[in-house]
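Line by line, the protein sequences are chains P, R, S, D and L. First residue of the first sequence: 0, per numbering that gives the first Met the number 0; consecutive thereafter. First residue of the second sequence: 0, per numbering that gives the first Met the number 0; consecutive thereafter. First residue of the third sequence: 0, per numbering that gives the first Met the number 0; consecutive thereafter. First residue of the fourth sequence: 0, per numbering that gives the first Met the number 0; consecutive thereafter. First residue of the fifth sequence: 0, per numbering that gives the first Met the number 0; consecutive thereafter.
Since the hints were derived computationally from the structure, they do not count as laboratory data. One or more hints might be untrue.
[Unchecked claim] What follows is a set of in silico ranges between Cβ atoms, one per label pair, in the way DEER data are often shown:
1) 169(L) <-> 19(D): 20 to 30 Å
2) 111(D) <-> 21(R): 53 to 63 Å
3) 237(L) <-> 207(S): 29 to 39 Å
[As the list claims (entries may be wrong)] Residues on chain P that point at chain S, a partial pick, calculated with CB under 10 Å:
4) 49
5) 51
6) 68
7) 72
8) 77
9) 91
10) 95
11) 96
12) 126
13) 129
[Unchecked claim] For lysine-lysine, the following DSS-like pairs were computed, each having C-alpha atoms within a straight-line distance of at most 30 Å:
14) 166(P) <-> 166(R)
15) 166(P) <-> 202(R)
16) 166(P) <-> 202(P)
17) 202(R) <-> 166(R)
18) 202(R) <-> 202(P)
Cβ atoms here follow ideal geometry from the backbone N, Cα and C, with glycine treated the same way.
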Amino acid sequence: MLEAQGLGAVRGDRRLFAGLNFSLDGGELLYVHGPNGSGKTTLLRMLCGLVMPAEGEVRWRGETIRRLGDEYRRELLYLGHTVALKDDLTGLENLRIASALQGAAVHEAQAGEALAALGLTGFEDLPVRVLSQGQKRRVALARLQLSLQLGRACLWILDEPFTALDKAAIGVLEAVLAAHLEGGGIVVLTTHQEVALTAGVTKEIAMGG
Amino acid sequence: MLEAQGLGAVRGDRRLFAGLNFSLDGGELLYVHGPNGSGKTTLLRMLCGLVMPAEGEVRWRGETIRRLGDEYRRELLYLGHTVALKDDLTGLENLRIASALQGAAVHEAQAGEALAALGLTGFEDLPVRVLSQGQKRRVALARLQLSLQLGRACLWILDEPFTALDKAAIGVLEAVLAAHLEGGGIVVLTTHQEVALTAGVTKEIAMGG
Amino acid sequence: MLAALRCMVMRDLVLAVRRVSDVLTTLFFFVIVVSLFPLGVGPEMEMLRTIAPGVVWVAAILASMLALGRLFGHDYGDGTLEQMLLAPQPLALLVLGKVLAHWLVTGLPLVLMAPLLGLQFGLDTVALEVLVISLLLGTPAISLIGAVGAALTLGVRGGGVLVSLLVLPLYIPVLIFGAGAVEAEAAGLGAGGHLSLLGAIAVLALCFAPLAAAAALRISLE
Amino acid sequence: MLAALRCMVMRDLVLAVRRVSDVLTTLFFFVIVVSLFPLGVGPEMEMLRTIAPGVVWVAAILASMLALGRLFGHDYGDGTLEQMLLAPQPLALLVLGKVLAHWLVTGLPLVLMAPLLGLQFGLDTVALEVLVISLLLGTPAISLIGAVGAALTLGVRGGGVLVSLLVLPLYIPVLIFGAGAVEAEAAGLGAGGHLSLLGAIAVLALCFAPLAAAAALRISLE
Amino acid sequence: MSTAGINWFKYSSPATFYPLAGRMIPWFAALAVVSAVAGLYLGFFVAPPDYQQGDAYRIMFIHVPAAWMSMFIYVVMAGYAALGLIFNTRLSAMMASALAPTGAMFTFLALWTGALWGKPMWGTWWVWDARLTSELILLFLYIGYMSLEAAIDDPRRASRASGLLAIVGVVNVPIIYYSVQWWNTLHQGASISFDKAPTMAATMLAALLVMTFACWMYAIAIVLMRVRNIILERERHSEWVMGVLEEEK
Ligand code: HEM
Ligand SMILES: Nc1ncnc2c1ncn2[C@@H]1O[C@H](COP(=O)(O)OP(=O)(O)OP(=O)(O)O)[C@@H](O)[C@H]1O
Ligand SMILES: Nc1ncnc2c1ncn2[C@@H]1O[C@H](COP(=O)(O)OP(=O)(O)OP(=O)(O)O)[C@@H](O)[C@H]1O
Ligand SMILES: [Mg+2]
Ligand SMILES: [Mg+2]
Chain P
0 MLEAQGLGAV
10 RGDRRLFAGL
20 NFSLDGGELL
30 YVHGPNGSGK
40 TTLLRMLCGL
50 VMPAEGEVRW
60 RGETIRRLGD
70 EYRRELLYLG
80 HTVALKDDLT
90 GLENLRIASA
100 LQGAAVHEAQ
110 AGEALAALGL
120 TGFEDLPVRV
130 LSQGQKRRVA
140 LARLQLSLQL
150 GRACLWILDE
160 PFTALDKAAI
170 GVLEAVLAAH
180 LEGGGIVVLT
190 THQEVALTAG
200 VTKEIAMGG
Chain R
0 MLEAQGLGAV
10 RGDRRLFAGL
20 NFSLDGGELL
30 YVHGPNGSGK
40 TTLLRMLCGL
50 VMPAEGEVRW
60 RGETIRRLGD
70 EYRRELLYLG
80 HTVALKDDLT
90 GLENLRIASA
100 LQGAAVHEAQ
110 AGEALAALGL
120 TGFEDLPVRV
130 LSQGQKRRVA
140 LARLQLSLQL
150 GRACLWILDE
160 PFTALDKAAI
170 GVLEAVLAAH
180 LEGGGIVVLT
190 THQEVALTAG
200 VTKEIAMGG
Chain S
0 MLAALRCMVM
10 RDLVLAVRRV
20 SDVLTTLFFF
30 VIVVSLFPLG
40 VGPEMEMLRT
50 IAPGVVWVAA
60 ILASMLALGR
70 LFGHDYGDGT
80 LEQMLLAPQP
90 LALLVLGKVL
100 AHWLVTGLPL
110 VLMAPLLGLQ
120 FGLDTVALEV
130 LVISLLLGTP
140 AISLIGAVGA
150 ALTLGVRGGG
160 VLVSLLVLPL
170 YIPVLIFGAG
180 AVEAEAAGLG
190 AGGHLSLLGA
200 IAVLALCFAP
210 LAAAAALRIS
220 LE
Chain D
0 MLAALRCMVM
10 RDLVLAVRRV
20 SDVLTTLFFF
30 VIVVSLFPLG
40 VGPEMEMLRT
50 IAPGVVWVAA
60 ILASMLALGR
70 LFGHDYGDGT
80 LEQMLLAPQP
90 LALLVLGKVL
100 AHWLVTGLPL
110 VLMAPLLGLQ
120 FGLDTVALEV
130 LVISLLLGTP
140 AISLIGAVGA
150 ALTLGVRGGG
160 VLVSLLVLPL
170 YIPVLIFGAG
180 AVEAEAAGLG
190 AGGHLSLLGA
200 IAVLALCFAP
210 LAAAAALRIS
220 LE
Chain L
0 MSTAGINWFK
10 YSSPATFYPL
20 AGRMIPWFAA
30 LAVVSAVAGL
40 YLGFFVAPPD
50 YQQGDAYRIM
60 FIHVPAAWMS
70 MFIYVVMAGY
80 AALGLIFNTR
90 LSAMMASALA
100 PTGAMFTFLA
110 LWTGALWGKP
120 MWGTWWVWDA
130 RLTSELILLF
140 LYIGYMSLEA
150 AIDDPRRASR
160 ASGLLAIVGV
170 VNVPIIYYSV
180 QWWNTLHQGA
190 SISFDKAPTM
200 AATMLAALLV
210 MTFACWMYAI
220 AIVLMRVRNI
230 ILERERHSEW
240 VMGVLEEEK
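Take these sequences, add in the hints, and give me the full structure.
Below, the structure written as structure tokens:
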């Protein structure tokens, strides 16, 4: 469903990668790895359509994502290096707004459930500002849990989702990913940590020298 | 040399910890661990003097750090969640300025060496803005390498220093920590990742739970 | 689609309520700038009356311009703007929602405050009325045009000041017609012409500014 | 100690050079604000001449106030300010260095630009001279006082506007004596008294503002 | 699409445009010098003194072409910027950024000569009238364009962002042009128009037109030179640039 054809990226004087090809079907996970600065983040942002490829193109269900626009974005869920939360809103509010903008308004109960699944019971009503680093990331990751509950977004693109998580949270995230893959979803992720990514078909891309 | 006596922290309605005691001598490493939100960052900032303890006090060479002021800070090196780099300056300039403010001006060659030790050869002269997440963290960590070369700061307080690093960089950081401990330095650190911290005496504090 | 617009407006209003000081400070800035003038210029009432519409208008423009930094700035900083770009909604619509909320929070209070300040400068009732109408037409245009500048300077260091450089030239027609309306009224020429030009500017801005701002956001976040 | 001061000044100057647009935009903001006034109040030369010192001074205050956001803002955002607090140097000294660099980059250009603008308003040579001297004494005071406000509002959302609210009242004496000096000169009363008061304010600010700003920083970063 | 279309796209490639521009520059430069000399001679030695203004009016031969150019270049710049944004052609974006400094220079020149002229005419360097002010604003627009471009490091992003700004700023041009009609001002109205008989002496008109032509040629020559530099800088990693640099060594 997701295809990259001859993707290339140039940053400043540096050619990060070129001629990158792959294709992913439902239930497959793409694990992008490589040393720091090898272009993983750049590749992921390109797959989302946030960065224009210097060469090549990204296709979704056979159509370039540039043409698809909103149709593609409706099926996409991207979590980047930053947590993308409003500091002044509570976890619950953040989650509901993110979901509504994604085109799927949810009830407070549903959002609360997703937060609870990530071990944030008792913290739902605190403004995100006062949460610890790891708790913030958990709130961001609750979007995955929610999307799973709703069965919406089908392509997850995750940039180092395991950062700042403790062991318990890593376990939860692994389970969520596995469930998504089982349901026929696609995951593209990067991480430097060693985690068990066993469910579904796992493809790999090694970036950089 | 570093002593905590009955430290306690309260955040909002939550008592994060109370009655925390420990003392560290040269060559010792304190590994603070615990789940997300258990108060590790708060404790580390307290040890630096950035957060006032709700109860108890922090002593350095037998004197409270509040009284010591600059004397304490001269021996302290803290790296927090953020990288503390100026985006518009190059890695080299960032390192030299950080060092000069620490009271130890260094030559370009010395700073370059430190960056090279962290695998940033070829990236010294790029503005930090364009570096990848992991490369930024490496520039920040180069301060440790530099402090090692100069034999200055003796107390390192590091909040999740392994975040976003690839395996090569983790190896380098481990070696730097080991060298510092061997030279009689003190390290306080938190991390959620499993890394080998074998050199020197390792003490542990388990927070939360 | 309208749901997304409403969600956006509500979100920004909730955020503004959480940070009431933001709302108040724009207003106080406006008041203070207007009050600085008599201090700088001296207290002769006749002259103050003449310069009053100009001063109020300039202060309104400066105050809303200052608030521009907050329009996209925070959302850019914490990554939520990136998520908006990835939302399956027309970006221009979300931008429109944000601008609307922004105007309600920063523009409208100025309009309501203006007559009080005008009174202090000795403006009469008719002039005050024209002043309020001109601001009511002008401030939305200012917010809309400003959105384009704010979007263009996102992530550019020194953007806060650069944005003034970019949008002030575009504000000049609004200023000329806005302050001109009050002066024309005072001179007995009738404010109608000025006000309808002002209205035309506002409508044009409403049609094109969200599109331009959305395009600018896509460029800035590349 | 002086090494630390120099390092700080140099660092901020280098940063300013990397972002020349920052420097220029403060200046252009100043120019634009001054140019807006005639548009708002109308073109009669006599009236413009009377309000000129007030307008230039108000514009200078607004321009330097806008630039205040950058004084500590970036350093706060990227964590380098925290490192400054942890540096074994008197914090007030580092603050002084930052303010000095900030004035060189934002205040001084205004002083140099002012005569040109005054000329456009038809001020004569003597008035221009007094204007420049008053700005030369006043702008450092503005930067110093502003530093305290900027430090207090760090990390407070909407700080950019809050800071104006805090510092503008403190700027009022500077404005009154500054613009007053030019007007007194024009009225044939001599600007000496006003200028020496302005100088006194500057010296006082130099002595106390860095200390106050340093204390404010420690509070803001707790 | 016709053959013209193919040609157009061929020359919109920097690699083919670079040598073409190189060949054109000397011609335009020569034309600029010749017509400037002719125009200045006509204007300062042949044209009769004005019955009202004496010789002061001769500054017009610089002021008016500069003022025209300042507006015209802005429109051209915005046009290129629009092309660059819509068709994503690199060359148009480069042309737009090459035009900006020249446009700003002409705007500054118009302001400067206007101020010089204002002193003998109106007794003051500057009045805050609509045309003068809007010309000043045009200068700000140019400067805003250039600062925005300079403030963004990534050249592609920079040219797209500033291009959008240029397009938005176009609204100012009609305002400048019609300002004389909309507000009654001190400044002269249009003295050359196509539907009325010219109101000035034929030699004056000729000098003015020749000077305008000279400004045109100068602008084209200097912009081509600048765009060649920009091409080299932005495409420095492509093979053809490496080749060019080798040759020139
Ligand atoms: C700083 C002061 C001035 C500025 C910014 C300025 C600006 C301009 C501009 C923008 C134009 C072109 C408008 C058009 O083509 O319709 C123009 C044309 C012209 N200006 Fe000025 N001007 C200034 C001073 C003066 C003065 C003092 C005079 C003479 C009294 C003057 C006489 C003219 C004339 C005769 C034209 C040609 C109008 C035409 O033929 O269309 N200008 N000026
Ligand atoms: N203007 C530029 N000039 C030179 N190199 C640049 C420029 N902009 C970006 N780069 C390089 O592009 C790369 C960006 O990589 P990216 O952020 O995609 O890395 P990553 O694989 O995600 O790394 P990490 O594991 O550290 O997150 C970095 O090596 C960076 O140095
Ligand atoms: N105003 C407040 N009200 C309630 N709780 C608060 C408030 N401010 C902070 N907290 C809590 O204090 C804790 C801060 O923890 P800290 O940042 O030290 O955690 P940490 O151990 O570093 O976690 P992590 O591993 O995620 O970085 C969090 O649990 C947070 O929710
Ligand atoms: Mg990355
Ligand atoms: Mg932490």
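A quick look at each hint next to the structure:
1. Range check, residue 169(L) to residue 19(D): about 26 Å between beta-carbon atoms, so the 20 to 30 Å window is met.
2. For the pair residue 111(D) and residue 21(R), the beta carbons lie near 58 Å from each other, so the given range of 53 to 63 Å is met.
3. Against the hinted window of 29 to 39 Å, the Cβ-Cβ separation of residue 237(L) and residue 207(S) comes to about 36 Å, which satisfies the hint.
4. With 10 Å as the threshold, the beta carbon of residue 49(P) comes within range of chain S, its nearest partner Cβ sitting at about 6 Å, so the hint holds.
5. The closest approach between the C-beta of residue 51(P) and any C-beta of chain S is roughly 7 Å, which is under the 10 Å cut-off, so the hint is satisfied.
6. Below 10 Å, beta-carbon pairs count as interface contacts, and residue 68(P) has one with chain S at about 8 Å; its hint therefore holds.
7. For the restraint placing residue 72(P) at the interface with chain S, the shortest Cβ-Cβ distance is roughly 4 Å, inside the 10 Å limit, so the hint holds.
8. Annotation: interface hint on residue 77(P) holds; nearest CB of chain S at approximately 6 Å, less than 10 Å.
9. Look at residue 91(P): its Cβ only gets to about 12 Å from chain S, farther than 10 Å, so that hint breaks.
10. A distance limit of 10 Å between C-beta atoms decides the matter here; for residue 95(P) the minimum to chain S is near 9 Å, and the interface restraint holds.
11. For the restraint placing residue 96(P) at the interface with chain S, the shortest Cβ-Cβ distance is roughly 5 Å, inside the 10 Å limit, so the hint holds.
12. Taking 10 Å as the C-beta cut-off, the interface hint given for residue 126(P) holds, the closest approach to chain S being about 8 Å.
13. Against a cut-off of 10 Å between C-beta atoms, the interface hint on residue 129(P) is violated, since the closest Cβ of chain S lies about 13 Å away.
14. Straight-line distance between C-alpha atoms of residue 166(P) and residue 166(R) comes to about 19 Å, which keeps the hinted pair within the 30 Å bound.
15. A distance of roughly 20 Å separates the Cα atoms of residue 166(P) and residue 202(R); the hinted pair therefore holds under the 30 Å criterion.
16. Taken as a hint, the residue 166(P) and residue 202(P) pair is honoured in the structure, with Cα atoms around 24 Å apart against an allowance of 30 Å.
17. Among the hinted pairs, residue 202(R) with residue 166(R) is consistent with the structure: their alpha-carbon atoms are about 24 Å apart, no more than 30 Å.
18. The suggested pairing of residue 202(R) with residue 202(P) is violated, with an alpha-carbon distance near 40 Å, which exceeds 30 Å.
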